[in-house]
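Residue numbers (the UniProt record's numbering): 1 to 307.
What the hints contain is simulated information worked out from the structure, not anything from laboratory work. Some clues are possibly wrong.
To be verified - FRET-style restraints, in silico, Cβ to Cβ: (1) GLU208 to ALA133: 34 to 40 angstroms; (2) ARG153 to LEU279: 53 to 59 angstroms; (3) ALA236 to GLY113: 51 to 57 angstroms; (4) ALA133 to LEU287: 44 to 50 angstroms; (5) VAL291 to ASP224: 54 to 60 angstroms; (6) ALA133 to ILE217: 30 to 36 angstroms; (7) VAL283 to GLY113: 41 to 47 angstroms; (8) ARG204 to LEU121: 20 to 26 angstroms; (9) ILE73 to VAL118: 49 to 55 angstroms; (10) LEU279 to GLN150: 16 to 22 angstroms; (11) ALA105 to LEU280: 37 to 43 angstroms; (12) ASP224 to GLY113: 43 to 49 angstroms; (13) GLU208 to ASP254: 22 to 28 angstroms; (14) GLY130 to ILE268: 27 to 33 angstroms.
Source: prediction; values computed, not measured. Positions of the beta carbon are idealized from the N, C-alpha and C atoms, including for glycine.
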Amino acid sequence: MTGLAAPLALGVLLGAGFWLCSSVFVAMRNHRLSDRVAPRVARVSRAAFMHAVEGAQARGGYRFLLHSTARLIPVSRDSLARRLVWVEQGVSEASFRQGVVVRCALGLGVGVGTGGLVVMLGSGVGSSAGVIAGAALICALAFATWPFYQLRRAVRSVHGDLDGEIAAVLGFLAVAVAGGETLPHAVTRVSRIGSGRLCRELARVTQEVAWGQQFGIALSAVGDRTGHAATSRALASIATALATGAPVASVLRDEVDALQATRARLVIERASRQEVGMLLPLVFMILPVTVLFAVFPGIAAVQSTFS
Numbered sequence: 001m002t003g004l005a006a007p008l009a010l011g012v013l014l015g016a017g018f019w020l021c022s023s024v025f026v027a028m029r030n031h032r033l034s035d036r037v038a039p040r041v042a043r044v045s046r047a048a049f050m051h052a053v054e055g056a057q058a059r060g061g062y063r064f065l066l067h068s069t070a071r072l073i074p075v076s077r078d079s080l081a082r083r084l085v086w087v088e089q090g091v092s093e094a095s096f097r098q099g100v101v102v103r104c105a106l107g108l109g110v111g112v113g114t115g116g117l118v119v120m121l122g123s124g125v126g127s128s129a130g131v132i133a134g135a136a137l138i139c140a141l142a143f144a145t146w147p148f149y150q151l152r153r154a155v156r157s158v159h160g161d162l163d164g165e166i167a168a169v170l171g172f173l174a175v176a177v178a179g180g181e182t183l184p185h186a187v188t189r190v191s192r193i194g195s196g197r198l199c200r201e202l203a204r205v206t207q208e209v210a211w212g213q214q215f216g217i218a219l220s221a222v223g224d225r226t227g228h229a230a231t232s233r234a235l236a237s238i239a240t241a242l243a244t245g246a247p248v249a250s251v252l253r254d255e256v257d258a259l260q261a262t263r264a265r266l267v268i269e270r271a272s273r274q275e276v277g278m279l280l281p282l283v284f285m286i287l288p289v290t291v292l293f294a295v296f297p298g299i300a301a302v303q304s305t306f307s
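Start from the sequences and build out the full structure, keeping to the hints where you can.
Written as structure tokens, this is what we have:
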């Protein structure tokens, strides 16, 4: 262990020094036109602001190393950015990737420490280098995949909440429109009295319409921000009805009926899966214990007879 620690530490220091020196030369390269223009128009364009922030974070030293390593993560940028928008985490795709890299480095440190502790406390464990490398690899993978697991759970939670909200919200809209209100006024009323993700999105639609956005376009954009198939389909149908002059009240009632039928089907499917799950303890726990209690007395009686 002592003979391996010195070369390992020297290799890490040399590698870090090489990366720091090379990053300085890379940071001195000629910048692209977008890199020069983005800081000047950052106040009027959010995309330019994010580009300028990412460029500033990627210049020189460990920041360049962090930015370059984060780009190697094999995850689509568009897909990751959409998921972050769906769950409203408020972080950019580049910041999320850099957080994954930082956690991976932390996992490497924890793995190396854990492997070294196992080697020092255990005897006959095997090759010390193999134990340390294996522990470091396992901990790095665990720390790196944990943010993606949390993001996947957050997306499922958001979509589950939308499954329960969409039918009720469309039902209230249908009642308001059938009572004589226009659809924009009905959306404003529902967003004020309701709560939840969909009502917040409808409040944002009302705000965008007040700023001059077309109502149909603002309504269709909700589906892109939520990534929920049923919400996107229902709002697209409403926008189409507004564009073609179809009766909005009947379209809303049809969407509510379709959503309720879909929800009933999902409930039946979930109940059937739970039925199969309830059979597992019956087959693997209760049935073997019952057979054991039924057979064991007979076996004991036969053995006592012939003994």
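Checked against the structure, which of the hints given earlier come out wrong? Result: hints 1, 2, 6, 8, 9, 10 and 14 break, sorted rising.
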